[in-house]
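Trainee: Sequence:
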Amino acid sequence: MGKRRKSKSIILNKYKLGVSFIALGGIFFFSFYLAESSPLFVFLKEYASIPFGEIGLLLFFGLCIFVGIMILSKGHLIKLLIKQFLVIMILISAVLNFPIIDGDSTQYEKLGGYISWPLIYLLDTVFGSNALAVKVFIIILLILLVGRLLYAFNFSLPRININIKEELKPNKPIRQQDHDIAKKIPKQKIDEDDDEEEYTPQNISRSFVSTLLKRKIDEKLQEKERKPRPMISFSGEKPTFMLNILEAGDQKIAIDEAFLMEKAKSLQSKLLEFNVPILIEGFDIGPSIVQIRIKPESGIKIATIEGLTNDIALSLKSKSLRIIAPIPGTDCVGIQIPNPKPSMVKVADILSTNEFQDATKSSDTNLTLGKAIDGSIIIKTLESMPHLLVAGATGSGKSVGVNDFILSLMYQNTPSELKFLMVDPKQVELELYSGLPYLLAPIVFESEKALKLLKWSVNEMEKRYSILKEKRVKNIDEYNSKIIGEKMYRIVFVIDELADMMMSGNKKDVETCITRIAQKARAVGIHLIVATQRPSVNVITGLIKANIPTRMAFGVVSEIDSRTILGRKGAETLLGKGDMLYIDPSTKHPIRIQAPFVSTEEIEKVVQTLKNKYMGGLTEEDIYNPEIVQMLESKFETGDNLFGGGNGDDDELIEQAIQVISETRKASATLLQRKLGVGFARAARIMDQMEERGLIGPQDGAKPRDIFL
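Each residue of the sequence shown is one higher than the one before, starting from 13 at the first, in our numbering.
If you're looking for bench data, these hints aren't it; they were derived computationally from the structure. Watch out, some of these pointers could steer you wrong.
Now the in silico label distances, taken between C-beta atoms and shown as ranges [what the hints assert, rightly or not]:
{"#": "1", "residue 1": "Glu616", "residue 2": "Ala270", "range": "39 to 47 Å"}
{"#": "2", "residue 1": "Pro251", "residue 2": "Gly311", "range": "50 to 58 Å"}
{"#": "3", "residue 1": "Thr342", "residue 2": "Pro289", "range": "17 to 25 Å"}
{"#": "4", "residue 1": "Asn471", "residue 2": "Asp718", "range": "16 to 24 Å"}
{"#": "5", "residue 1": "Asn471", "residue 2": "Gln711", "range": "25 to 33 Å"}
{"#": "6", "residue 1": "Gln439", "residue 2": "Lys625", "range": "22 to 30 Å"}
{"#": "7", "residue 1": "Thr612", "residue 2": "Tyr133", "range": "53 to 61 Å"}
C-beta atoms are modelled at their ideal positions from N, C-alpha and C, and glycine is treated no differently.
Kindly produce the complete structure, drawing on both the sequences and the hints.
Mentor: Pasting the structure below:
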């Protein structure tokens, strides 16, 4: 018997299905209005009017368009939409056939069609040919179905503004200690308004309705909060996606031998003009760079060759030239010039190599750095880094490099093993990954929320160390090998533009958080990938540099920027488009690498593949950590005391603030700043805390805050 052929299954996603419904309805209405005599319209009208009727025909195809739009916008409810589509059409058809129920001799084809005939026949039998009962029952079914759909789509009712005269009360209960403090303060008589509204039956009725509505809303919110978060487990199958969805590059590096000989002779003759005799030792040919290895004769200082950089560049007619003196581990000097026939390195080329496949046997955090000058594959593990600082000007390939790292990590790990926290101030670089189960929280665009994520990461780091201490293990790998139950996943914190956070007014807090994570988080599996296109000392501070020794420089504008990121010159001479210098504590000297390229289309394919694989029946609310989501959405910053070890000082200041506000009957941050001798930021925080406790009202423009003391 021959091999059995595998059948190819067609997977319909929400885009295909939604567009199909819209296209079906669009074709009908197009032919109805513009091509009524066309064979297509005649066919649709002749055969579709049998089940749906002439009147129901318009509603059916209109409903097709509506359902298609809802599938595209509410993709997670696709099963519900498909199930209810036919049911609602049957009920609409039954409503259109009401004249037949009343005994009219009109044919089904003229009204709502035969699709509702079984339902009408059944109800007519059940209710003993009582037409009114049948019609009422059908209408009730239709209303219930529409209500079910509205509830599933989470449609909200319009707000009802009800003006209620209520006794002045705080929004939240006052804590007992605050109440005791307030009791010690002499009460002051507050004049009441003369035009107080009388309590009439109408006002009492409105107050009762408002209270009832508020109670129902609170019950719904509490029920939603009590709703258990679904247990999510992801398939352990790895790699997580196939490489055939990525584009392969041309791995052959071709160069004209005559070009090499010409450059070698020009180099020798130019150096002889300055009494620097050399020998040509060979060539290293990379994807974008050619390195000429030369050996100076005895008695020649290397500094002499370095001082002739501009003359050599003129002789070789090279737009970019870099001298490596000496090449680490050899007795040669390297003269690096652009390859006249550069070849593009693709991320699929690196992932498919034997080197990368062998590396995955010992680690799941391998990063695809690219190809070196000699064509060798460069792979580094995130564990060994364990954090990465990336810099590069616009167009240098910095963002593409970050995407390479994200894809390579997702390729090796399931969402149960790896999570990302992403900060994207530009809102366009990392947005492609939105909604992936690899995300621990929504992608953050604002600097204030990014700082909250950093503070949460510091707290998470401390929690994990407490867990490791309790289990008597040293790192995340030992913990996962020892624990039988739920494993501890790695967290990779990706910041696409550090400069935006450092210039937001919270520079000190950002620097402190990054430093603490860089110092301690390696053992608990939390890693940083920090990128910036402005590698100035104001952005990459000395404290950050000292704690992140692994750095990657793409093309930068000036030698000063190169020294800021690498501690030496060289990055200002790079070619761009993925040409970079990499340095870590193990290399000592920068390695020139051509980073792989990955297009936006490839990223979209990978993201869609992973969503189809892992997001079946899940929504974004299911995959995100609810604690982080609540923290990001909260108005009040809960992490201000992250580095202070408690909030005792603030409690003492709040007691003093209550005294000040009670005596002055004024509530403002400026007043507290002056009376308590604190900074504005701390005074504003105290005001927020008092508002949270219900001691004062919220800020309302230029109006003074309400005081509930």
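Trainee: Each hint needs a verdict: does it hold in this structure or not?
Mentor: Going down the list of hints, with the structure as the test:
no., hint, in the structure
1, Glu616 with Ala270: 39 to 47 Å, "43 Å, holds"
2, Pro251 with Gly311: 50 to 58 Å, "55 Å, holds"
3, Thr342 with Pro289: 17 to 25 Å, "19 Å, holds"
4, Asn471 with Asp718: 16 to 24 Å, "34 Å, violated"
5, Asn471 with Gln711: 25 to 33 Å, "29 Å, holds"
6, Gln439 with Lys625: 22 to 30 Å, "27 Å, holds"
7, Thr612 with Tyr133: 53 to 61 Å, "56 Å, holds"
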